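Enquirer: One letter stands for each residue in the lines below.
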Amino acid sequence: MAASVKVLVVTGNGTNCERETAHAARLAGADRVDVRMIWDLLAGDVSLDGYQLLCLPGGFLDGDDLGAAKAAAVRWRFARVGERGERLAEQLMRFFDAGNLVLGICNGFQLMARLGVVPAVDRSEVVSGAGRQQASLGANDSGRFEDRWVRLVVDPKSPCIFTRGLASLEVPVRHGEGKVILGGAEVTRRVESLHLAPVRYADSTGCATESYPDNPNGSPGGIAGLCDPTGRCFGLMPHPEAFTHRTNHPRWTRLPELPEEGAGVAIFRNAVEHLRQ
Amino acid sequence: MAHRIAVFKRPQITDALGQQTLRRVSMDLDLELERVETVDVYVVASGLEEEVLARVAREVFTDPVLEDLVVDEPAPGDFDWLVEVGFRPGVTDNVGRTARESLALALDRPISETPAVYSAREFRFVGALERAQVERIATELLANTLIERVTVLSADEAAAGLAATTVRVTGLEAEVTVKEVDLSGSDEDLASLSRDGVLALSVEELHAIGDHFASEPVAAERRERGLPSSPTDIELECLAQTWSEHCKHKIFNAHIYYSRAVGEVEVIDSLFDTFIKGATDQVREQRGEGDICVSVFTDNAGVVRFSEDHNLVFKVETHNSPSALDPYGGALTGIVGVNRDPFGTGLGAELIFNTNVFCLASPFFEGEIPARLLHPRRVLEGVRQGVEHGGNKSGIPTVNGSLVFDERYLGKPLVYCGTGGIMPTEIRGAPSHEKAARPGDVIVMVGGRIGADGIHGATFSSEELHEGSPATAVQIGDPITQKRMTDMLLVARDRGLYSAITDNGAGGLSSSIGEMARDPGGADVDLSLAPLKYPGLAPWEIFLSEAQERMTLSVDPRNLEELMALAGRYQVEATALGTFNDTGLLSVRWGEMLLGSLDMAFLHEGVPTMRLEARLETPARAGDDPLPRDLDCGETTLALLGRLNVCSKEYWVRQYDHEVGGGSVVKPLCGERGDGPSDAAVLRPLLDRPEGVVVAHGICPRYGDIDAYHMAACALDEAVRNAVAVGADPTRLAALDNFCWSDPVQSDSNPEGRHKLAQLVEACRALHDACVFYGVPLISGKDSMKNDYRIGDTRIGIPPTLLVSVLGQMPDASMAVTMDVKRPGHLVYVVGTTGHHMAGTEWAAHLGWSGLSVPVVDLKENEERYRRLHEAIVGGLVASCHDISDGGLAVAMAESAFAGDLGLEVDLGLVPREELASGEVILFSETPGRFLVTVSPRYTESWERLMADQEMSLVGTVTQERRLKVKGLTKGVLIDLDLETLRDAWRRPLDL
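Chains A and C supply the protein sequences, listed in that same order.
The opening residue of the first sequence carries number 48 in the numbering used here; numbering runs sequentially from there.
The opening residue of the second sequence carries number 43 in the numbering used here; numbering runs sequentially from there.
The set of hints was computed from the structure by calculation and includes no laboratory data.
Warning: the hint list may mix true and false statements.
[As the list claims (entries may be wrong)] Here's a subset of chain C near chain A, in silico, CB distances under 10 Å, partners left out:
(1) R65
(2) M69
(3) A96
(4) R100
(5) A148
(6) D150
(7) E430
(8) H431
(9) K435
(10) D520
(11) Y693
(12) V707
(13) E714
(14) P853
(15) S856
(16) S922
[Said to hold, decoys possible] From chain A, some residues computed to sit far from chain C (all C-beta separations above 10 Å):
(17) G110
(18) R170
(19) P203
(20) R236
(21) G268
(22) E288
(23) R323
[To be verified] Some chain A residues close to chain C (C-beta under 8 Å, calculated; not the full set):
(24) F107
(25) R161
(26) E193
Small disclaimer: the values here were computed from a predicted structure and weren't measured.
Quick reminder that beta carbons are idealized off the backbone N, C-alpha and C, glycines included.
Modelling step: build the complete structure from the supplied sequences, incorporating the hints.
Expert: Shown next as C-alpha cells:
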C-alpha cells in the first residue's frame, strides 16, 4: 500500500491562487489537501509537521508593498508560532529535513527566493537572515505586470522532482516582478552545472529564449524557475495550477485534440507520485 | 529623531520604474532626459536607537541581491535634478504600513511599540532641464498634488541634505460639543448652507427637515432628551447623506411630468418603479418556474440562481467624481469598493470576477484642459494602474470591460466597476441571501480605521464638479487590508458569527448602520469607540467618513467573543460601536453625551418626492446627409479598425490578471495569436463543476445624442448579443443598468435639464421594453445624475450614457464558442438582416457624417434568433461566432479573420439586407442583432435546417490565403487586404 500523501496549501494575507492550487493537487491524486491560513500556522493550530507537500501559491503577500513577497519573507523568518514559540522558518527547515517537498508558484517562488530556499537551501539565511540570499526576482524588463501564456522547455537533466518526464509545458505568467536575478557568477555556475533551472521560457522552436514576449520578463537564459540540488524545493513564476482543464488553454477552441485534464497538473502529479514511493 | 532610509538598485540591476518614467517623460510631455533613476525612501519616525535600526534595516527594507541602502545620507549616484514624491498627511500609505509591520517582526516587538514608517520615492534626473520643466514632470506625471507632496531639488540643493519628512497628521483632540444648525433662514440662506457645507440638500428638503423637527411629538421628545429644537450638525449631515441623490435616487423616484408633443403630458410616478422594477416584475411573472431571480433591488447587489446549490451575485457601480480628481485612487477605490457590494450581499459572497468600463476623452486630445481637470492620457493611465492594483492584488480576475471615447468625457470621466460573486444557496441550513440585524445585536465595525478620507463622497458625487470640490472626497483603497478582512469574514460567515453584514461605502457608518437598523427598528451608536487613523476628527466626520475597507456586522452578543478572537488572529481590526434596538430611533452618542437622534421612518421615508418636468426637443435636422460616393472601402475599413472605440485594448488586458481563480474559459483576447477581441467572458467558478458564468456588456452613447430610446435598446441588445455569441443561454440572463447622465433637473443654470430628463425617460422606457421582450430581468443597478463640469464659463456635460452589464449562464462551459475563424474551408454566414443604420456609427464619426438613422433593435426577430443560435451553439454546430457591432460587418470580418490567422472571401451580394442597401451600408451599418458565424462543412446541413426560417445566408468561405476579400454588389472587389495590414491597423493606435 502506497503512503498517503497530505498536501498543505498556505494562504491568507494576500495569497489568492489557493483554490486552484488545491484543485490541481487533488486532481494529481493527493489523499488530502488542506487549505489553511498563515494566521492558523502562526497561532499553532496547524503545523507543517504531518504534511508532505507544502504549496506556496501565487498572490500579493502584504501587497508586495516592499517588493514581491519581501515582507512575507520577513514574516516567515521572524514571526513566532504561538506567543513565544519557534519561528515559522524553523518549522520549514524541519519539514525540509524530513524529506518533504515544497512548491512555490509566482508569489510563492518569490517568497522561496527571498527566504533563501532556492537555488540551494541556505539554512542560516532561512532561519535568521544571516546566510546568503542567492537569487531574487526583479521587475520585468517591460516595467509592467503582464498576463500572457508562455511555452516552457524542461531541462531533462534537472534533479527537479516536479518536472520529471516532462519535455515542455504551456502555462500563463501573471506577474510584474519575475526576472530571475542570480546573486553572482558562482551561483550562476552552480545553477547551470547542477541543472537547477528546470524550466525556461522557450520560443516557437522550443529553444530557451531571452526575447520578448516569448520570455515575458527578460530573465537571463530564459530561466522561469529554480530548484534546489535535492530537487525537492521548486519555485517557478508561471502558473501550472492555472491549467487544470482544457478550457483554460487560450486556444482550446482551436485545439479539439487537447486532453480534458490541463497539462499543469503534471507538475503536481510528479510530486504526489514521488511521495507515494 | 526620525531616520531616512534610501534604498537604491545595485549596479547591473534594471531600474524598470526609472526606464518607464524616462519613456513617459518623452512620450507624454515631449521632454528629453538622458536617464532617470529611482530610490525608495522610508522615513522611520523617532523612537528607535540608531544601532538597532542599523541591525535590522537591511533585512526589512532591501533585497540584498537587487538593492542596497544608506541611512541618513543621500544614495550614491550623480544627477541634475531630484524629485521626491511622498504622501500628504492622512493619505493612506500602504507601503509605509507594511514596512512598519515588517519592522515590528524583525525587532520582535508589538506594532504599537514600533515607530511609524512613511514611504516616499526619489526620481533622479540626468539631463539638461530647467527647474520649471522638472516641476512640470513632477506635477503632471509623477505626483498628484491633491494627495501627494512634491519636493524638487537641484543637485546642489540635494547635496545640502535631504529631510526625513514624517507626514503625521497633527490634528488636535477636538472638544466634542453638540452643534445646532439653524434652519430658520431665508431660502437663499438655506441654499448657501447646503452648498457651502457640501450637503447637496435642496431648499425644499431643508424645509422638510425644519418642519419635521418643529413638529410634535418630535420637538417634545427632543426637549426631554436634552437635544436642541433644530437639528444638530451630525443629524443634518446624516440626513444629507441618506437623502443624497447617490443613496436615495431621488430623480429615479421623482414624479415626472413628461411632454413629448404639444399639449400632451404623461405623468410618470417613479422611473424606477415604472420601468426598472416594473420590467423585472413582468419578466419574473412571465418566466414563472424559469424565474432565476433570488434577491433583486433589496440588497447591495442582485442575486440569481446558478446551480442547485449556488447563487450568483453581481453589482456594477460608478466612481466618476473621485476619479476625475485622482484617477488612480478613484479607480482603485471604485474596484475595492464595488467588491464589498457582493461581499455585503446576503451573508456575503465569494468574489469571482471584476469588470470595468471607462468612458474618457481621447488620450491624444490636444486642446486646452479646463481648470482642475487632468489630461485624458493621465486619467487613462491612472485608472489603468488603479485597476491593476485594485483587481490584481485582490486576486479577482478582471474578465470583461471596455474603453469608450468621446470628447465630452473630458468634463467627467466615467469609471464603471463591477464585481460578481458566488455563494452557496444555504449557509448553516438557512438561505444565504437573507439577513437581518436583531434588537440586541452588537454593531461591529470590521477592517480599516477611520480618517478624513472620503468625507462627503455621497453628496459630492451628487453635485457637478466645481471649483470647491473637496479633496477629501478622494480615498485610496488598500486591497490587502480588504483581503485580510474578507478572508476573515468568510470564515466568520461559515461559523454563523454574524446575523447581517453590509459595507461601508457612500455615507460610511451613517449609511451602513442606518440601513441595517431598519430591520430591528433602531440603533444606538457610541462614536467615541470608533478606531481612528489620527485624532482631530469631529464626530460627524467619523460618522460620515468613507475610509475604505470596512464592513459593518450585527453580532449576537453570545458570538462577540469568538468573532473578536478570530479577527485578532487574522490581524483584522474589529470594534463594537453600539447595539441595534427597536426604539424607532437612530441615536448617536459620544460616550454619555447624546449628539443626535433621528426618527428611523423620517430618515428613510421623509425625503420629499421631487417633481420634475421633462420635454423632448425635436432634432434640428430633418434627415440624413447624402451618403458619400466612391469611398475606398478598404481604406475605410482600416480607418475604422484604428478608431479608438474599435482598436485593440491589449495594452490594458495584459496588465490585468484575467485568469486568477483557475476557471478561465473565454479570455478577453482569443485566437491563434491571442489578438482576437472576445465578445464576452466565460469562466467556471466551481473548478470541479462544468457550469459556466458569462459576463458581457453593452454601451452605445453615440446613438444617444440622436435618440435616447434606441441608444438604450441597443445597449441592452448589445449586451445580450455578446453573451449569446459565446454561448450563454438567452433564457437565463440577468442584467444590470448603470445610467450616467448630465444633470436632468431644469434650472436657470441648467437650461437643457428638461430635455435631458426626457432622454432619461426614453432610455428607461426602452430598457423596460427590451428587457420584457427578451425576458431578461434587471437585478441591480445604479445611477449617477450629475456628470457635469462647470467652472467659470466652461460647461461640459457628458452624452447620455447607459451601461448594461449582463450575467449569463451555461450548463457546460466547454460548449463555449470564440470569435476567431477556425479552419480553411469553413463556411461563412451572416445572421440577421442589415438595415440602413448609419447615424451615430463609428463610420459616421470617422467621416463626420450626420443623420438620424440610428440603429433600431427589432426585438421580435432578435429574441427568436438568439434562441436558435444558442441551440446551434450548444449543439456544437458553430465553429466561430462574432457579434457585429462597432464598425459594422467590415470590422467584424477583419477581426474574426486575423484572430483565426486565416483569410475570408465574402460576397456582399449574398448578405441579407434591406432593399436598396449599398455595399457601404452592408459593410459599415451597425444594425443590431447580427452575427458573423462560421460553420464546418460537416455541420452546414444541420445548421441551415436549424436556422431555416431565420434571416441568414451563406456569404463566403474561410481561406488558407491570409487576405480579406470582399466582392461588392456591382463594382467587383471592394476590399482586398492582407491580414497583417488589418491586424496592424487594429493593434497600433493604443499600443502604448
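Enquirer: A separate judgement is required for each hint: does it hold in the structure or not?
Expert: For each hint, the structure was consulted:
no. : hint : in the structure
1   : R65  : 8 Å, holds
2   : M69  : 13 Å, violated
3   : A96  : 14 Å, violated
4   : R100 : 8 Å, holds
5   : A148 : 6 Å, holds
6   : D150 : 7 Å, holds
7   : E430 : 6 Å, holds
8   : H431 : 8 Å, holds
9   : K435 : 4 Å, holds
10  : D520 : 7 Å, holds
11  : Y693 : 9 Å, holds
12  : V707 : 4 Å, holds
13  : E714 : 7 Å, holds
14  : P853 : 14 Å, violated
15  : S856 : 5 Å, holds
16  : S922 : 8 Å, holds
17  : G110 : 4 Å, violated
18  : R170 : 17 Å, holds
19  : P203 : 28 Å, holds
20  : R236 : 16 Å, holds
21  : G268 : 15 Å, holds
22  : E288 : 6 Å, violated
23  : R323 : 22 Å, holds
24  : F107 : 4 Å, holds
25  : R161 : 6 Å, holds
26  : E193 : 5 Å, holds
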